[in-house]
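Letter by letter, the chains look like this.
There are 2 protein chains.
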Amino acid sequence: MKLLNNTLSIFALGGVNEVGKNMYAIQYEDDIVVIDCGGKFPDESLLGIDLIIPDITYLEENKEKVRALVVTHGHEDHIGGIPYFLRKLNVPIYATRFTLGLIELKLDEHRLKRDTKLVEINSESRIELGKIEASFFRTSHSIPDCLGIVFHTPEGNIVHTGDFKFDLTPENNQHSDIHKMAEIGTNGVLALLSESTNAERSGLTPTEHTVGEHMEEAFMKAKGKIFVSTFASNVNRVQQVVAASIKTNRKIALLGRSMINIVSVAIERGYLNIPDGMLIGSNEVEQLDPGKVTILCTGSQGEPMAALSRLSSGNYRDVSVYPGDTVILAASPIPGNERDVSRIIDNLFQLGAKVIYGSGSTTGMHVSGHGYQEDLKLMLTLMKPTYFIPIHGEFRMLHHHRQLAESIGVENGNTFIIKNGDVVDIQNKAARQTRQIPAGDTYVDGMGVGDVGEIVLRDRKQLSEDGMLVIVITISKGDRKIISGPDTISRGFVYAKNSDDLLKEVNRLTKKAVTDLQKENVRQWNVMKQTIKKSVGQYLFEQTRRRPMILPIIIEI
Amino acid sequence: MKLLNNTLSIFALGGVNEVGKNMYAIQYEDDIVVIDCGGKFPDESLLGIDLIIPDITYLEENKEKVRALVVTHGHEDHIGGIPYFLRKLNVPIYATRFTLGLIELKLDEHRLKRDTKLVEINSESRIELGKIEASFFRTSHSIPDCLGIVFHTPEGNIVHTGDFKFDLTPENNQHSDIHKMAEIGTNGVLALLSESTNAERSGLTPTEHTVGEHMEEAFMKAKGKIFVSTFASNVNRVQQVVAASIKTNRKIALLGRSMINIVSVAIERGYLNIPDGMLIGSNEVEQLDPGKVTILCTGSQGEPMAALSRLSSGNYRDVSVYPGDTVILAASPIPGNERDVSRIIDNLFQLGAKVIYGSGSTTGMHVSGHGYQEDLKLMLTLMKPTYFIPIHGEFRMLHHHRQLAESIGVENGNTFIIKNGDVVDIQNKAARQTRQIPAGDTYVDGMGVGDVGEIVLRDRKQLSEDGMLVIVITISKGDRKIISGPDTISRGFVYAKNSDDLLKEVNRLTKKAVTDLQKENVRQWNVMKQTIKKSVGQYLFEQTRRRPMILPIIIEI
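Keeping their order, the protein sequence lines are chains A and B. Residues 3 to 559 in my numbering are what the first sequence spells out, letter by letter. Residues 3 to 559 in my numbering are what the second sequence spells out, letter by letter.
Be careful, since some hints might not be right.
Which copy? The list can't say, so a pair holds if one copy fits it or any two copies do.
The list that follows gives simulated cross-link-like pairs (lysine to aspartate or glutamate, DMTMM-like), each with its CA atoms no further than 20 angstroms apart [as the list claims (entries may be wrong)]: (1) Lys479 <-> Glu558; (2) Lys506 <-> Asp453; (3) Lys479 <-> Glu202; (4) Lys499 <-> Asp453; (5) Lys463 <-> Glu46; (6) Lys108 <-> Asp291; (7) Lys463 <-> Asp45; (8) Lys356 <-> Glu202; (9) Lys294 <-> Glu219; (10) Lys499 <-> Glu456; (11) Lys253 <-> Glu78; (12) Lys67 <-> Asp32; (13) Lys225 <-> Asp481; (14) Lys108 <-> Glu286; (15) Lys421 <-> Asp348; (16) Lys294 <-> Asp117; (17) Lys479 <-> Asp489; (18) Lys115 <-> Glu219; (19) Lys513 <-> Asp503; (20) Lys483 <-> Asp117.
Please keep in mind that the hints were generated in silico from the structure rather than gathered at the bench. Bear in mind that the values here come from a model prediction, so they are computed numbers and not experimental data.
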């Protein structure tokens with residue numbers, strides 16, 4: 003994009019009109035600061051895709067201007083894209099102690115730690131990034147050590163909230179710094195970027211503390227083993243499980259790689275307190291009195307390979323669920339995961355477990371980490387921004403957030419609902435949204451980043467629905483006689499052993515197409531292949547109502 | 003199964019441990035009566051499958067004993083399998099007038115109407131089916147003309163509830179016949195089969211009537227066009243939309259094939275009352291004052307090809323959603339559909355519509371047709387069965403339903419939680435569950451019924467994730483020299499144009515595998531193919547972390 007003097011630009015590369023892959027940036031002349039670099043899980047239509055990350059073409063084209071990646075907190079939708087980002091842009095990463103711990107786990111996996119500059123910050127830090135300075139404030143969320151950011155620019159102050167709710171009685175002293183937020187508001191906020199996840203939900207988010215009370219109650223009643231499945235990164239909830247286990251004299255085992263890794267980081271860095279000797283190995287579980295064990299496990303979203311799913315189908319090596327055991331699902335299913343989660347619940351019931359499941363408001367075992375409407379209004383009120391850019395959410399959430407801003411006095415025309423790639427330029431305190439930079443989804447598939455596009459996905463879709471049929475025929479170079487074949491090989495289309503007649507007719511139609519064309523003296527391979535495809539495809543559709551991918555292969559000898 | 007004299011057998015061929023494809027049967031000696039024949043929609047793991055229907059092997063093997071298919075009501079999970087059932091077993095179908103209307107739509111589509119004997123019954127009918135007699139009672143549900151069934155057998159009376167709730171103020175006079183149910187209970191019920199869909203939900207289902215009140219309120223407020231999306235078969239809800247439209251002086255257009263078909267059946271057969279001249283064509287919508295039109299449309303479950311989805315993406319031929327229009331989603335998303343539904347809602351917001359969405363209890367625009375716990379307890383209390391078989395639901399629902407039965411006095415040991423295929427035998431009033439008959443999922447894919455099995459699905463899965471690679475090589479018969487190739491064709495794996503080096507190496511490895519084997523004088527095609535697969539597969543996984551299906555084709559000339 004054209005360099006604009008004395009202009010402050012704000013844009014999203016991911017996170018608006020979607021839930022996931024958050025990435026925002028602000029630019030003042032030659033300095034760009036990037037906020038977060040998240041991943042997003044593909045829906046079932048993106049066959050074979052492992053992860054979606056933001057398209058960072060613009061940042062690559064302006065490599066020399068990118069001063070830093072500042073990370074607000076350690077959730078996947080804020081850090082999941084970092085390894086891919088670093089391969090293109092090796093800039094320093096600023097984050098809090100716990101967030102850095104989670105980023106380091108990721109960099110270890112990708113063998114990127116040695117070459118990356120990681121800078122630990124806290125809410126009192128102030129960092130200089132070219133003409134942009136950043137200071138911070140603490141927020142409460144469902145993971146420890148979250149930050150909101152104030153960017154001090156020559157044009158004015160820009161606030162990015164990160165993810166937040168206002169929890170006045172959080173666990174582990176993870177308070178929102180309301181006094182500091184008030185001061186930031188008093189000093190003047192030119193533009194506020196605030197998260198919108200729960201902008202559709204009225205009221206104030208319940209405090210995490212209530213979960214602890216319900217947890218303790220359930221622990222008091224339970225007789226057998228207790229399994230608790232939750233996000234490993236929800237360290238404060240893990241702490242409450244620890245507290246309930248202490249009260250009921252239970253030891254704790256951890257199941258699942260991410261549970262073990264993240265709990266280790268949390269303990270090492272001082273965010274989680276587990277008394278010595280309380281943690282046991284999964285191999286010790288079955289040796290103890292069932293009433294003396296708590297098992298913390300991954301898989302609350304129904305992930306088929308995670309611990310809870312394997313437990314529910316009796317496929318976990320060391321540990322089994324027995325009649326009389328209690329299983330607590332201390333997380334709500336993310337939209338799209340409901341069916342997988344309910345399959346697991348059903349299996350657990352079949353094993354005879356008492357399962358505590360359902361929405362958090364029913365069971366009391368889960369509260370959201372994202373502020374509801376009253377939380378969002380409190381943030382807006384504290385910050386009193388001139389301009390407002392709702393971020394982090396689907397369009398309807400941004401839309402509702404705009405209405406909340408209006409209700410506390412932000413002029414409707416001063417709210418910008420942007421798409422990924424839209425740029426809001428502010429010059430002399432006047433904001434307008436006219437330009438766009440490249441933005442979109444980059445697909446990660448195995449080791450490939452961005453190499454799988456529409457064509458490959460379209461082929462996968464066709465293959466997934468009706469399979470395919472390869473037809474090979476060998477033709478002599480001179481007289482163009484059929485020397486061998488046609489032979490057919492099908493996969494995912496019909497069960498070949500029961501489809502003799504069908505495949506014989508395919509061979510006959512192929513032969514006919516080839517000889518007919520030869521009579522007309524048509525010699526182009528492409529025409530020949532198209533003719534075979536059409537004739538065979540039509541026949542197969544009539545016979546089966548399926549449209550397998552047909553691949554005619556003509557070999558000339 | 004062995005014929006048991008003086009024994010009454012009850013079994014499920016579909017509908018327990020699942021939601022969908024309901025099919026139950028009772029047998030007394032040489033007489034079998036089948037209840038319902040439903041379909042079930044596949045989840046995303048069943049690639050390319052269109053519908054799941056019950057495995058009816060047992061009925062086919064006992065063809066001459068099957069006296070009738072009795073259908074409780076016209077929902078897809080109770081009638082969706084009928085066309086496939088009829089192709090194997092041409093038995094008479096007994097159902098109410100409205101249910102028959104929906105079955106006939108289906109038979110028309112499959113060209114089966116002429117050869118099928120359809121018998122209209124009502125709640126006062128009594129039919130003789132060999133040694134089994136059937137009488138009926140009316141229930142309330144989310145579709146008109148529902149029946150519960152009493153089977154009078156030499157061993158005692160068996161009651162099948164169908165789907166029901168107790169709605170004391172239903173629309174269109176679709177009352178539950180509580181007096182008759184009480185009488186049935188008084189006469190003695192040996193075994194009760196009762197539906198379990200909402201056995202997890204406490205309280206009593208709200209009446210359909212409340213929806214009408216909320217609908218009217220929303221209609222009063224709306225300025226532009228009003229779109230209401232709901233299940234077409236929920237005729238009573240459609241009637242309430244008609245009522246609100248009359249009050250606000252709006253004409254009604256119908257969008258979507260099933261909306262048009264089912265509304266026609268309902269009008270013709272007297273279940274829906276729309277004043278003359280009130281229905282307009284979709285092509286007339288845009289000509290009228292937006293404040294004077296209601297549009298009833300399909301697609302409340304987010305189905306991508308249905309009317310609502312096409313409206314939300316601006317792809318409906320005659321009708322568009324404009325800013326200021328109101329869209330009411332008068333149905334809850336079925337688990338698994340949440341993501342598709344929320345995508346549509348988001349698109350509608352982007353078009354500037356006011357969208358009324360969310361759970362029925364929040365919006366008031368939807369109530370369930372399935373009884374909650376208090377409804378289920380009322381049925382159990384009225385019937386006072388000796389034996390209880392909870393049906394129609396996942397295991398956890400059946401489990402909860404058993405607890406409800408216990409709470410009103412059914413001995414725990416007298417409740418049978420069965421799987422599809424389990425048989426409950428009752429002889430001299432003593433019930434036991436020891437035998438099993440074949441049962442399971444039969445997949446419908448295009449015109450194929452049951453021909454797609456595990457192998458085809460496993461291939462589709464591999465193809466869907468990483469695509470495939472065909473490698474063709476031609477070898478001379480005599481000296482086994484490579485005459486042509488190897489040539490590679492990939493689909494859904496990598497974008498071939500950018501993968502020259504990768505595919506070159508595949509060719510080299512293939513050549514090497516072939517020549518190495520020839521040196522060792524290995525001549526079996528299978529060994530050769532396996533060696534190529536292994537060598538190429540390993541290389542590709544190292545390079546890409548993908549596992550495409552590899553199909554080596556060796557042609558011998």
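For each hint, the structure was consulted:
no., hint, in the structure
1, Lys479 <-> Glu558, "both (6 angstroms within a copy, 16 angstroms between copies)"
2, Lys506 <-> Asp453, "between (38 angstroms within a copy, 18 angstroms between copies)"
3, Lys479 <-> Glu202, "neither (69 angstroms within a copy, 72 angstroms between copies)"
4, Lys499 <-> Asp453, "between (37 angstroms within a copy, 11 angstroms between copies)"
5, Lys463 <-> Glu46, "both (10 angstroms within a copy, 12 angstroms between copies)"
6, Lys108 <-> Asp291, "neither (37 angstroms within a copy, 58 angstroms between copies)"
7, Lys463 <-> Asp45, "both (13 angstroms within a copy, 15 angstroms between copies)"
8, Lys356 <-> Glu202, "between (33 angstroms within a copy, 13 angstroms between copies)"
9, Lys294 <-> Glu219, "within (16 angstroms within a copy, 56 angstroms between copies)"
10, Lys499 <-> Glu456, "between (34 angstroms within a copy, 14 angstroms between copies)"
11, Lys253 <-> Glu78, "neither (29 angstroms within a copy, 50 angstroms between copies)"
12, Lys67 <-> Asp32, "within (6 angstroms within a copy, 85 angstroms between copies)"
13, Lys225 <-> Asp481, "neither (84 angstroms within a copy, 75 angstroms between copies)"
14, Lys108 <-> Glu286, "neither (29 angstroms within a copy, 58 angstroms between copies)"
15, Lys421 <-> Asp348, "between (40 angstroms within a copy, 13 angstroms between copies)"
16, Lys294 <-> Asp117, "neither (45 angstroms within a copy, 66 angstroms between copies)"
17, Lys479 <-> Asp489, "both (19 angstroms within a copy, 17 angstroms between copies)"
18, Lys115 <-> Glu219, "neither (43 angstroms within a copy, 60 angstroms between copies)"
19, Lys513 <-> Asp503, "within (15 angstroms within a copy, 35 angstroms between copies)"
20, Lys483 <-> Asp117, "neither (62 angstroms within a copy, 51 angstroms between copies)"
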